[in-house]
Amino acid sequence: MLSALIWVPILSAAVLGFWPGTITPKASRQLSLIVASAVFVWSLVLASQFNPGTASQQFSEYIPWIDSLGLTYHLGVDGLSLPLLVLNSLLTCIAIYSTDKSIQRPRFYYALLLLLNASVAGAFVAQDLLLFFLFYEVELIPLYLLIAIWGGKRRGYAATKFLIYTAISGILILAAFFGLVLLSGASTFAYEPLRNYTLPLTTQFLLLGALLVGFGIKIPLVPFHTWLPDAHVEASTPISVLLAGVLLKLGTYGLLRFGLGLFPEAWSIWAPWLAIWAVVSVLYGSFNAIAQTDMKKMVAYSSVGHMGYILLAAAAATPLSLLASVFQMVSHGLISGLLFLLVGVVYKKTGTRDIDILRGLLNPERGLPVVGSLMVLGVMASAGLPGMVGFISEFLVFRGSFAVFPTQTLLCMVGTGLTSVYFLLLVNRVFFGRLSKEVENLPQVQWSDRAPAIILAALIVMLGLQPNWMVRWSETTTTTMMLNSQELTANSQPF
Amino acid sequence: MTQFLLETSWWVPLYGLVGAILTLPWSMGLIRRTGPRPAAYFNLLMTVLAFLHGSIVFRLTWNRESFELVFHWLKAAGLDLSFAVEISQVSVGAMELVTGLSLLAQLFALGYMEKDWALARFFALMGFFEGAMSGLALSNSLFLSYALLEMLTLSTYLLVGFWYAQPLVVTAARDAFLTKRVGDVLLLMGMVVLATQAGSLNFPDLYDWAETAKLSPTVATLLGLALIAGPTGKCAQFPLHLWLDEAMEGPNPASLLRNSVVVGCGAYVLIKFQPILNVSPVALNALVVIGTVTAIGASLVALAQIDIKRALSHSTSAYLGLVFIAIGQQWNGFALLLLFAHAISKALMFMSVGSIILTTNNQDLTEMGGLWSRMPATTTAFVVGSAGLVGLLPLGGFWALRQGVEVFWVSDPWIVAVLLLVNALTALNLTRVFRLVFWGKPQPKTRRAPEVPWPMAVPMVSLTVVTLLTPFIMQSWSPLPDWEYVNLKAVLLLVLSGLVGCGLGGTIYLHKAWSRSLFLPWRFIQDLLGYDFYIDRIYRVTVVFAVERLSAINAWIDRYVVDGFVNLIGLGAIFGGQTLKYSASGQSQFYVLIILLGISFFGFLMSWLFDPSLFKTIFDGEFWRLSLSQ
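Sequence lines, in order, name chains A and B.
The working numbering puts the first residue of the first sequence at 32, with every later residue one more than the last.
The working numbering puts the first residue of the second sequence at 207, with every later residue one more than the last.
Since the hints were made in silico from the structure, they are not lab data.
Keep in mind that the hints are not guaranteed to be accurate.
[As the list claims (entries may be wrong)] Listed next, the in silico DMTMM-like pairs over lysine to aspartate or glutamate satisfying Cα-Cα at most 20 Å (straight line): (1) K379/A / E469/A; (2) K321/B / E469/A; (3) K281/B / E417/B; (4) K184/A / E612/B; (5) K695/B / D769/B; (6) K651/B / D733/B.
[What the hints assert, rightly or not] Here are some of the chain A residues that sit facing chain B, going by a computed Cβ distance under 7 Å: (7) D98; (8) G101; (9) A241; (10) A322; (11) P350; (12) P417; (13) F429; (14) L441; (15) S451; (16) F463; (17) G464; (18) L496; (19) P498; (20) T510; (21) T511.
[Claimed, not checked] Facing chain A, from chain B, some residues (calculated, C-beta under 7 Å): (22) L280; (23) A282; (24) F383; (25) P410; (26) N760; (27) A761.
All of these numbers come straight from a predicted model, not from anything done at the bench.
Every residue gets a Cβ at the ideal spot worked out from N, C-alpha and C, and that includes glycine.
Work out the full structure, taking the sequences as your base and the hints as a guide.
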C-alpha cells in the first residue's frame, strides 16, 4: 500500500529517464502528470481508509533488509505523517502542472520531480531510522539537480550551498542515529523499539543537539537559514513551491518524530531554549522580510518566520500545540505554495520580481487582476486573517503554547503583526497604484496559469472555514504522542 | 414559523456574505455582457432579505427572554471553539441598524457609483462588510467577535483601497490596515491569555470567570489594555486614530458605513468586553483617558479641516471618544444611546456629503458655497443630520447627551465639562461647514449644481425622516423622562453649549484668506490642528523609522555577517585547496620531506600527549645541561 507511493513514481521516473526510444516533451509531461495524480489519488484513498481513532502506525509494511546493519524496510503512517504525505503528493501534481511547457530537457526534469516526490514520501513513512536517513539523502540529489540545471543566473552557487548545507544536516542526523543505536545497545534501527531505550541525560543532550542542528538546517532556523533565500530565488517556480511547501516540513517532521519522540526528557529540559530559538527565528525572519525588495526573497524569509511557529508549538509539547504544529505545517505548505506560484506567474509575465519596479498590477485591462486578487488572499492567509487556514493554525499554536511559554508565545505573536507589515507592503507596492511604464503590454494570463493557484486558494479557504477536516486525522496521534513521551520520561534513569 | 425565524436569525449575517459570493462572476470578469449591475441587484436583494428577516426577528424578541445559540466549530485536544450567538433585543436591534443602514447605503451607492466600472466588486465588498458587522452584533463569543473584527479590518482595507490606482488611496489603505492590525494583534494576545485562563471564550463564561478571577495586578492591567486595544483601533481613538481620516479617500457609501456603524461595532464589542474589563481598573481608566483625549483633540482638529469628509470624520472620532468615556465609567446605557443617535445622524450627513461630492466633483470646503437653493434635499439632510448629532434641538443627539450630562452630573462633573465642550465644538464645526458649503455666494464649482438623482435622493430623504423620528424610536426603547423630572440645569447647560457653538460658528469670519492666516500664532495653531497635531509625523520618525531601520540593519547583518561567515568558510576552503595544489611539485624528495616532517610532528605531538615530562626536561634546559656536561 504505502510502497506504491514510493515505488510507482520511482519506476516511472526510471522509465522516463532511461526509455531508449524518444518521448516527446508533451508525452513526458502527461505521463508524469498522470503518475503524480495517481499517487495523489492513492494517498487520498489511503487517507480515507485511515483510522483516525488510533495512534498506532497503520498500513505497516515490514521486510527485513540488511540484518547485520539492523536496517529494515519498515513503513507505516500515522496522524503526524498522513497530512504531510497528502500535501506532498498534491503539491507535486501542482508543481508538474505549473511547469513551463517548453522546458528544456523535459524527460530528465519530470523524472527528477517524480524521484523527489517518491523520496520525500519515503522519508515521511519510514519507520526505521536508517531508512529515513536514506530517503532524506536521496531527496537531496534530485533537488540539487533541479536547482542547478533549471535555476536562475546564480543557480550554481545556490545549488551548491543547498547541497553542502543539507549534506551537513544529513551527517549530523546520521551521527545522532548511530550514536543512539550504539550507545543504547539496540540491535536495530527500528523506530518504535528505540523509543523504549533510555540513555543518560548527557548523552541525550549530545544526540538531541546533533538532531536539532541537523533538522534546524532543513527547517530552516536562524542562523542556519541562509541557504533558503538563495535556493528559492534561483529555483524555478515549481521547485520553489515544492521546496517551501513540502521539503522544509521534513525538518519539522524530523524534530517532532525523532527529536521529541526519541529524547522526550532532554527535549522537555531544553524546551524553554527551543521556544526562545523559535522567537529569534520568527522575529529575525520577519524583520528580514520587511527589508527585501525581491518578492521571492520576501516570501522565503516569511517561511523562515512561519516555520518558527512550528518549533514553538513543538517545544511547548502540549497535546494542543502538537496538533497545531502539524496543522501549521499543512497550512504553511498550502499558503507558501500559493504565494510562490503567484510570484512565479508575475515573474513569468513581467520578467521581474523587483518590488521597486513593479506597480499597479491590479489594473483590470492590462495588468493581472485575478492573480492580484489571489495574491491578496494568499497574503491575508499568511498574515493570519480569519476565514483562512493560516488563522486557525496559528491560533492553535498560540493557544496551545501560551500555557507553557507565555512570554515566548506573545513575542511570536508579534511575528503575525510583522507578517502583515511586509506582505501589505508587497501588495501595496506591486499591485496597487498606477501601472508602471516598465511593465505595460503584459502577455495574457491563461486560465492554466491560474488554475493551480485557484485550487490552493480554495483549499486554504475550505480548511480555514472547516478545520475539522484536517484536525481529525492528527488529533489522536498528537495527543498520544505527548502521553507516550511522558510515560517514557517517567521510567528513565538518572545520570 | 416564528420559531423558525427566531432560530435562524443567525442567517442574517450570512445573507450579506452570500450576496458577496453571488457577485463573483461579475467582479472576476466572467460575465461582461450584462455589465456589473446585476451583481448590485443581487446584493441589494440579499440585504433586503436580511433586513426583513431581521425586522421580523426584532419584533419577536420584543417581549421575549434573550437566548443563546451555540455552534461547535472545532473540538480538538481538549479545546472547544464554539460560535455563540445571542438573540436579544439589543443585539438584534444593533443588527437591524446595521442592515438598515447598509441597505440605504447600497441604494445610495447605486447612484453614487453608477459610472464606476468595478461596481460589482464594490457591492461584493459592501455585502462582506454588512455580513461581518451584523455578525458582530449577534456574536456572543470573543473568538467569533475577534474573527469578525478581523474581517472588518480586511474589508475596510479593500474598500478604502477600492480606487487603488490613486497614490493617496494606496497609503490610506495601508495605514488603515496596519493601524487596525496593531490593535487586532494586541487583542489576539489578550484573547489567547483569556482562553488559557478562563478556558472558554464565550462571553457568559468569561463574565463568570471575571467575577472570581484572581490575577496579579500586572497581568490584569496588561490583559485589560490588550483587550481595549482592538476597539481602540476600530473606533479610531488616540493613538490608533489616524486611519479614519485617511480612509476618507475611499468611496463615499463605504465611508458612510464606516463613520456610522463600523466604528460603532468597535464600541459595541467594547461594551461586550466591559464585565471582563472589571478585572483591571487601569484599563477602565485608560478608556476614560483615551476617550477624553480623542474627544477633545478630534473636535479641535475637525475645526481646521478643509476637506468636507475629513471635517466630519474627525467628529466621528470625537463622539466615539465620548462613548469610550461612558464605557470606561460603566454607563453602557448612555454609550448605546449615543452610538445609536450618532450612527443615524452621521450616516445621514455622509449621504448629504456624498451628494455634494458627486454633484460638484469637489471635496474642498473653500471652493463651495450657495448650495442651499440648488440642492434643497441635500441641504435639509445636512441640517437634520447636524441637528440630530448636536445637543441643541430635541432630536437623538440631544437626548443621548442629556442622559450623559445627567448621569455624570454628581459623580464626575469634569466629564460633564468634556461633554459640553465637545458638543460646543461640534456645533461650531458643523455650523462652519454649513456656512461654507450651503451659505454664501456660489463659486465656480457650485454654480451648476442640480439635485441628485432618485437612487440617491430616496435613501437620503428616508433617512432624514428616520433621523427626525429618532426620539420616538428611543422612546419605545427606553422611555425618555417627562419634562418635570428632567434636570433643568443640565438641559440648559447642554442647550447653551450648543447655542454657543452655533453662535460662534455663525459669527466667525470665514473667508478664503482665513484659511491661511498671516498672523503667525494663528497660523501655527491652524497648521497644528490641520495636520492632526503632527501625530503622523511623530509616528513616521518613531515607530515607522524604528521598524524600517531595524529591518534594514537586520538584513545587513543577515547578508554580511551571517551569510558572510558562511561564504567566508566556503572561500577559505577554496583558497586552501587552490593554495595547497602548488605543493604537488612532482619531485619525490619533496614528498619524502613532507612525509618526514609530518611523522616527526605527529611523533612530537604523541609523545607530548603521553609523556609531557620529557618535554619539560627539554624546555627546562635539563636536557642541554646534561648533554653539555658530558
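Hint check results:
{"no.": "1", "hint": "K379/A / E469/A", "verdict": "14 Å, holds"}
{"no.": "2", "hint": "K321/B / E469/A", "verdict": "29 Å, violated"}
{"no.": "3", "hint": "K281/B / E417/B", "verdict": "26 Å, violated"}
{"no.": "4", "hint": "K184/A / E612/B", "verdict": "74 Å, violated"}
{"no.": "5", "hint": "K695/B / D769/B", "verdict": "74 Å, violated"}
{"no.": "6", "hint": "K651/B / D733/B", "verdict": "26 Å, violated"}
{"no.": "7", "hint": "D98", "verdict": "39 Å, violated"}
{"no.": "8", "hint": "G101", "verdict": "34 Å, violated"}
{"no.": "9", "hint": "A241", "verdict": "19 Å, violated"}
{"no.": "10", "hint": "A322", "verdict": "4 Å, holds"}
{"no.": "11", "hint": "P350", "verdict": "4 Å, holds"}
{"no.": "12", "hint": "P417", "verdict": "4 Å, holds"}
{"no.": "13", "hint": "F429", "verdict": "5 Å, holds"}
{"no.": "14", "hint": "L441", "verdict": "6 Å, holds"}
{"no.": "15", "hint": "S451", "verdict": "5 Å, holds"}
{"no.": "16", "hint": "F463", "verdict": "4 Å, holds"}
{"no.": "17", "hint": "G464", "verdict": "5 Å, holds"}
{"no.": "18", "hint": "L496", "verdict": "9 Å, violated"}
{"no.": "19", "hint": "P498", "verdict": "5 Å, holds"}
{"no.": "20", "hint": "T510", "verdict": "6 Å, holds"}
{"no.": "21", "hint": "T511", "verdict": "11 Å, violated"}
{"no.": "22", "hint": "L280", "verdict": "5 Å, holds"}
{"no.": "23", "hint": "A282", "verdict": "5 Å, holds"}
{"no.": "24", "hint": "F383", "verdict": "6 Å, holds"}
{"no.": "25", "hint": "P410", "verdict": "20 Å, violated"}
{"no.": "26", "hint": "N760", "verdict": "4 Å, holds"}
{"no.": "27", "hint": "A761", "verdict": "4 Å, holds"}
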